[in-house]
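Q: Read off the chains here:
Protein chains: 4
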Amino acid sequence: MNGIKITVIGGGSSYTPELLEGIIFNQELLRVAEVWLVDVEAGQQKLSIIEGLAKRMIQKAECSIRIVATLDKREAIKGADYIITQIRVGQLKMRRYDEYISIKHGVIGQETTGAGGFMKALRTIPVILDICNDIEQLAPNAWLLNFTNPAGVVTEAVLKHCNVKVIGLCNNPINYYKKFAATYNVSMNDVSINFVGINHLIWITDLFIKGESRINDVFTGWSDSYEAKNIPAFGWDLEFLKSLGAIPCGYHKYYYQSDRILQEQLEQLERNETRADQVQKMEQELFEIYQNPDLNEKPKALEQRGGAYYSEAAVNLIKSIQLNTKDMHTLNIRNNGTIACLPNDTCIEVNCVVERHQVTPLQVGEVSPQVRGLLQNVKAYEELTVEAAVKGDKGIAHQALTLHPLIPSAERAKAILEEMFIVNKRFLPQFDL
Amino acid sequence: MNGIKITVIGGGSSYTPELLEGIIFNQELLRVAEVWLVDVEAGQQKLSIIEGLAKRMIQKAECSIRIVATLDKREAIKGADYIITQIRVGQLKMRRYDEYISIKHGVIGQETTGAGGFMKALRTIPVILDICNDIEQLAPNAWLLNFTNPAGVVTEAVLKHCNVKVIGLCNNPINYYKKFAATYNVSMNDVSINFVGINHLIWITDLFIKGESRINDVFTGWSDSYEAKNIPAFGWDLEFLKSLGAIPCGYHKYYYQSDRILQEQLEQLERNETRADQVQKMEQELFEIYQNPDLNEKPKALEQRGGAYYSEAAVNLIKSIQLNTKDMHTLNIRNNGTIACLPNDTCIEVNCVVERHQVTPLQVGEVSPQVRGLLQNVKAYEELTVEAAVKGDKGIAHQALTLHPLIPSAERAKAILEEMFIVNKRFLPQFDL
Amino acid sequence: MNGIKITVIGGGSSYTPELLEGIIFNQELLRVAEVWLVDVEAGQQKLSIIEGLAKRMIQKAECSIRIVATLDKREAIKGADYIITQIRVGQLKMRRYDEYISIKHGVIGQETTGAGGFMKALRTIPVILDICNDIEQLAPNAWLLNFTNPAGVVTEAVLKHCNVKVIGLCNNPINYYKKFAATYNVSMNDVSINFVGINHLIWITDLFIKGESRINDVFTGWSDSYEAKNIPAFGWDLEFLKSLGAIPCGYHKYYYQSDRILQEQLEQLERNETRADQVQKMEQELFEIYQNPDLNEKPKALEQRGGAYYSEAAVNLIKSIQLNTKDMHTLNIRNNGTIACLPNDTCIEVNCVVERHQVTPLQVGEVSPQVRGLLQNVKAYEELTVEAAVKGDKGIAHQALTLHPLIPSAERAKAILEEMFIVNKRFLPQFDL
Amino acid sequence: MNGIKITVIGGGSSYTPELLEGIIFNQELLRVAEVWLVDVEAGQQKLSIIEGLAKRMIQKAECSIRIVATLDKREAIKGADYIITQIRVGQLKMRRYDEYISIKHGVIGQETTGAGGFMKALRTIPVILDICNDIEQLAPNAWLLNFTNPAGVVTEAVLKHCNVKVIGLCNNPINYYKKFAATYNVSMNDVSINFVGINHLIWITDLFIKGESRINDVFTGWSDSYEAKNIPAFGWDLEFLKSLGAIPCGYHKYYYQSDRILQEQLEQLERNETRADQVQKMEQELFEIYQNPDLNEKPKALEQRGGAYYSEAAVNLIKSIQLNTKDMHTLNIRNNGTIACLPNDTCIEVNCVVERHQVTPLQVGEVSPQVRGLLQNVKAYEELTVEAAVKGDKGIAHQALTLHPLIPSAERAKAILEEMFIVNKRFLPQFDL
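Protein chains in written order, with the working numbering: chain A, 50 to 482; chain B, 50 to 482; chain C, 50 to 482; chain D, 50 to 482.
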């Protein structure tokens, strides 16, 4: 085969057209021979819609990439150079349960944070480890780029339990580069950001524009750190940011502004308008658009979906690896002492240098107690979540959820867990339910 | 002077008769020449009552200890061998505010944990550091035994900011030895307990009776870890303890059972019966009893007060130091790498060997994620609390309280803080309020 | 069986009478039922002599301990409570080679340090691991007290590769307590010594007599740290000790005074009077004495042999375990973060608290660069020595010896190694020689 | 001023023409306005020769850079953007003593390693700290690029005792990139090298050509790692490299091949042909060439001098900083946890990402015991060397030298030290000699 093979697991996702757009745009450098789109039986219809759109996009671009849509995961993995995982075990239906059950018990319901993210991790990790098992056999040299949420927890499970070259990827960091480049009217390359944290819980400890520190600009005139489509925008208390000594990310609002967010979610719940409800509706609309046989490019509507610059992050990373550029990306990798206060074998999200053969984090060292306390607590929750998911251990699951800062007590954790276990039973074969 | 000088700062406390009983009981070994009782002007009446009782107790014991009651702190400190701090800045009146304001804002109100303990720390630390300043000048070789709550935070402030030989002491650990010795009908020396944690947040990671591990007995038949007088007794979920892999202490209930405790506190608040209210009443009764000129021993009623075996812990520690016994006590000292996941310069509560010249912790090493997550979070809160108290920094105070696991959001922290700052203003000269 | 079973592997050693004396002396507390003396076929004659003397000693003491001498290691291990290993693989003949080959190549030849100790470790570790394999099966609850040199390296091999409750023991620390007690004319209990290091490379970082630091006495008037019978006594440069900030042990002379010691050894080599030669002669004399059927106690001559207070160290340790005394001993155990600058899984020699069920080191923390540089270098050598011995890896053996501070170059290491491998071939089945 | 100001302290060095060549070659990108060459009075003649050549080089290149030669260090530092230190306190005359005294006492004499490097550090550090004092006042935003040997030790002194943005730089790493690019006939960008270590003691733990690991090529067919002009070339034992699991650098020969190197040095000493002698001769010849008024470019003869690609390393680094390129260089910076087994506050030499405002090391983590033992020992020596140089403490100086792996005993260290102190007296004002 002349050129590389990229395999997208969860290829029937509404995000796929964005990814394809990025691949097509960079085809001259990347020389992609094949893109395999894999999905499960329940997603066959969506996969088929995406396949059609993908082929029309390729055709329009007058590009020689071969598109293969299949349910045969092993065939798709075999000999791949890059494998992208963007799966949703149990589809949006289970996400809806994740959110509803959480909010009903008076805690924040969210796809990646808190009880909702926890249950998603329990469903997802066994499936990802199974994929990794195939990769070890059929594509041992492949790079696995994991986008599946909760991306940090899922990547940690792979790092701890598989022998696969994995990188966890999120669109959160690239959005900061975009945002600050726009704010200061400079190129992205003129922006330097010192990140510390884990996926969906990263702090910016310094910000440089053309080599000058500008974090104080944020402390004195900030409106909001980054307005993701999926996070409520209440703004930040500037005094709070200043004594924090860092810029929190959007997901920090679930911790620092939990009262207001919970209040809003309770109201949404009453109106049947939680984020899962919104996304479900959006998805239906998107797939209707995708089906249009005249559509041969990524539709504008996709930009409302939430994963802004997702494609750019993924394709840039593939380019850096493939071309051995040795440049910087903000990625989820093994800590290995980079953040001194977290265990070596856990997954962190920091600046890394990407080479063809390795991804190496830039040293962070010590972090302030302001950042450390929350970071360590959530990391311990994540470690237990991985352990519970892999072992199918209900006791450890209870410990994990109890530790989470958004869960007020062991008793509340237990009540939520019991209800979640009932509706998720068929997605949790590892547990004795 | 023939014999040692012991100075009790906060000598007018209702606990003092218990301490005196212990000193009298061990006088043959300790050979105490003088006990100085110091207090502030606002406590002069109580001090005078305690002085009277103390002298009657000495007389009854036919013992040669000289009792001196004074408001002159420096005179009392001068040349002392042991200085015991058991002060309550702002008296019970401020404790009542600590609890009421917390509960009113929907969070647990407690003397040492959460927002209440936080405000007590801000009031207390400057006073203790001032005492230490005197000790550095007037009694540089003295041992400072700090009982003042929150004992871990206060001791950490001294460790970080003074050059004083300080040990933080709590009656919590000794109660476990008492309890297990009683349960298994053995002597306290036959009980070995592996503790890990910080003051009022220690876990028992193993328990040995005559060299045999018995922690599984607890996991299979436990009713309650330790029923302190001041902590609600709801019992523990045995499954939870087993997956925790450790026995929590009584104060853990504020975290693991926070829903139920908060509910109870809200009800108490309505009835004007919070812990502060109860203690205030108890104190009045005690001092009425103490005034009785016929009373010449520690009254039974004191045992209801809460600090069981407080005297035994203190006097045993003084004995070990004085006699260079090299035996084990569970104490609050500098971490120095003992608990691997906590910063070196912070205060921990672990088993230590006590010698005449030094107190050395027994190595703990790594702890499980179950324990680690909560422990690290609360420790980061404590570090920030010390920093805020010493610097008088409102921003850091806000960060500290926001980090505390019992405070749900930065906004709630701010609201509580603002109200507390108003009523505490005259006790917080270090802050620009 | 009423009472405990102690098994001595290498029971035919000339040291055994000293150990027996200790057991007999403490019989009232220890209540020993049986002492099993095991040896290999080559040592049968010596074993039989020791057996005779042992029985006469028991008889004289009118004591009910049963003495069993056997070549059946497994029978001896079965159900033992304490197993003491004091073996010498290849006997004194191989020790002689260790020393001769080293000195011939211009490096110090010594039983436990440098090339000699290295070769002894390679011979000994497989035999000890084999014993541990038997212990795991036949006496899983036994405590293994390892005296076999190089005691630190051998103990580390057990800690890393077996599941046995092992403690490494050396008479070096107890000799310091004895010496300082005598110097200051106080009881051993009035002496406190802060040790840091590894077996045969421990520094005293502070010394207290009745709670007063007296290390400066040493810096200003010291003649020698401790004159073991087996180490040349050249005295110390007091200026050097002061800037070292610590008291080195006798074995440090091989590093700090290597020029003079090497010179002396070269002269001894010419006269056929190396330490191995001396010991061989001493041993012959001792066994002649032991054979005397009228001898029924430990002979005075044994005190010249080198292992002063060896018995006291061993018997005191057994007493502390058996009686759960919770007192302090200086022992070789797993580091586990105690000495911050050494890996967690390596063996260190520090003060420990001994309980019936566990031995816990007292926290040391950071050490000065003066101590750290040599300590870390020798520890890395030890780690590689264990690895080479276990894997039978000649390359790693070469790396280990090259790293040793007493070996000047990789080339010298290779030359020594090749010659040693030839004469040791039959004792190194794990290597492909 | 339009353009940057570069100040070269030790501007009269024979290396300066190479540096100027690099600046001229990159002038379009760097836009240098002024190059200030500073030297001490003893070097005035050389400085004047270099000044003449520099001006002729500028003229020939038709370039607008202003050359200023001065003895006024403060004027030269004032407002500089980049300050390069390449000084030699005591000139080559003292280097000759460093080498002669070492070899005479039977230890390797070398400019940066062992006793010679140690004495050079004691002479150099106070002078560099004095320069830094000026930088703090007169050019607080300048980057200090330190080439002065021993570069790692000198840089560590600055990191610990000054508030200056310092980077230590050596031509050793860039030579590996050059060498491997040539060997594999690829561009330098296709070469990736994983370095671990400290200046003049770095190991290559992996080597990648276009993303493929090729370190095994070295283990199977290697002749020599890198033949610097100043290090004897005896080749390496391939078996040794393989079990080392890493490629040592040229300076490792002083440790691994010390017997042969010492032998060679003893022979050179007899012939009056040590490295210092050779360099002294070379320098004289170079300055004769430099004086030629027709010479207007860097002469070929300079390439024999030893610092190959020195200019390229320096100018590339300035370009990366100035242009904020975010690319990788191998530099001497603060450890900060990058190499887990070394103290945080010490100086290491590793791959770094260079930005306009900061230089960040790539995480290394744990290293093998083979590497660790020697690395930690030499680092502890370096820490003590910095301490001795800054405090002027003879005792610490003795400890430092005793710790060095090339010094066999404390006694040898003392003898060397005493002789060196006599001849260096006027360069060591910080010591009480």
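Careful: at least some of the hints might be erroneous.
Chain copies aren't distinguished; within one or between two, either way the pair holds.
With a straight-line cut-off of 25 angstroms between C-alpha atoms, the simulated SDA-like cross-links for lysine to any residue are [claimed, not checked]:
id, residue 1, residue 2
1, K375, Y358
2, K474, E316
3, K122, I107
4, K440, P392
5, K214, E415
6, K153, V89
7, K474, S458
8, K375, A82
9, K104, K228
10, K227, A82
11, K214, F257
12, K443, E288
13, K368, N238
Derived from the structure by calculation, the hints contain no laboratory data. Just so you know, these numbers come straight off a predicted model, no measurement behind them.
Q: So, for every hint listed, does it hold in this structure?
A: Hint check:
In this assembly of identical chains, the alpha carbons of K375 and Y358 lie at most 25 angstroms apart whether taken from the same copy (21 angstroms) or from different copies (22 angstroms). Proximity of K474 to E316 under the C-alpha cut-off of 25 angstroms is found in neither arrangement, the shortest distances being 28 angstroms within a copy and 39 angstroms between copies. For the identical chains of this complex, K122 and I107 are intra-copy neighbours only, at 23 angstroms inside a copy versus 65 angstroms across copies, given an alpha-carbon limit of 25 angstroms. Within a single copy, K440 and P392 get their C-alpha atoms as close as 20 angstroms, which meets the 25 angstroms cut-off; across copies the closest is 30 angstroms, which misses it.
In this assembly of identical chains, K214 and E415 lie within 25 angstroms of each other by CA distance solely across copies; the values are 19 angstroms between and 27 angstroms within a copy. In the homo-oligomer, the alpha carbons of K153 and V89 never lie at most 25 angstroms apart, since the shortest distance is 31 angstroms inside one protomer and 52 angstroms across protomers. With identical chains, the CA atoms of K474 and S458 are at most 25 angstroms apart within one copy only, with a shortest distance of 24 angstroms there and 33 angstroms across copies. When the C-alpha separation of K375 and A82 is checked against a cutoff of 25 angstroms, the pair qualifies only within one copy, where the shortest distance is 24 angstroms, while the shortest distance between copies is 32 angstroms.
Neither within a single protomer nor between protomers do K104 and K228 lie at most 25 angstroms apart by alpha-carbon distance, with minima of 33 angstroms and 48 angstroms respectively. Taking the shortest Cα distances, K227 and A82 never come within 25 angstroms of each other, neither inside one copy (30 angstroms) nor across copies (35 angstroms). For a Cα distance limit of 25 angstroms, the shortest separation of K214 from F257 across copies, 17 angstroms, qualifies, whereas the shortest one inside one copy, 31 angstroms, does not. For a Cα distance limit of 25 angstroms, the shortest separation of K443 from E288 across copies, 10 angstroms, qualifies, whereas the shortest one inside one copy, 42 angstroms, does not.
With identical chains, the CA atoms of K368 and N238 are at most 25 angstroms apart both within one copy (16 angstroms) and between copies (16 angstroms).
Hints 2, 6, 9, 10, counting from the list given before, are not met by this structure.
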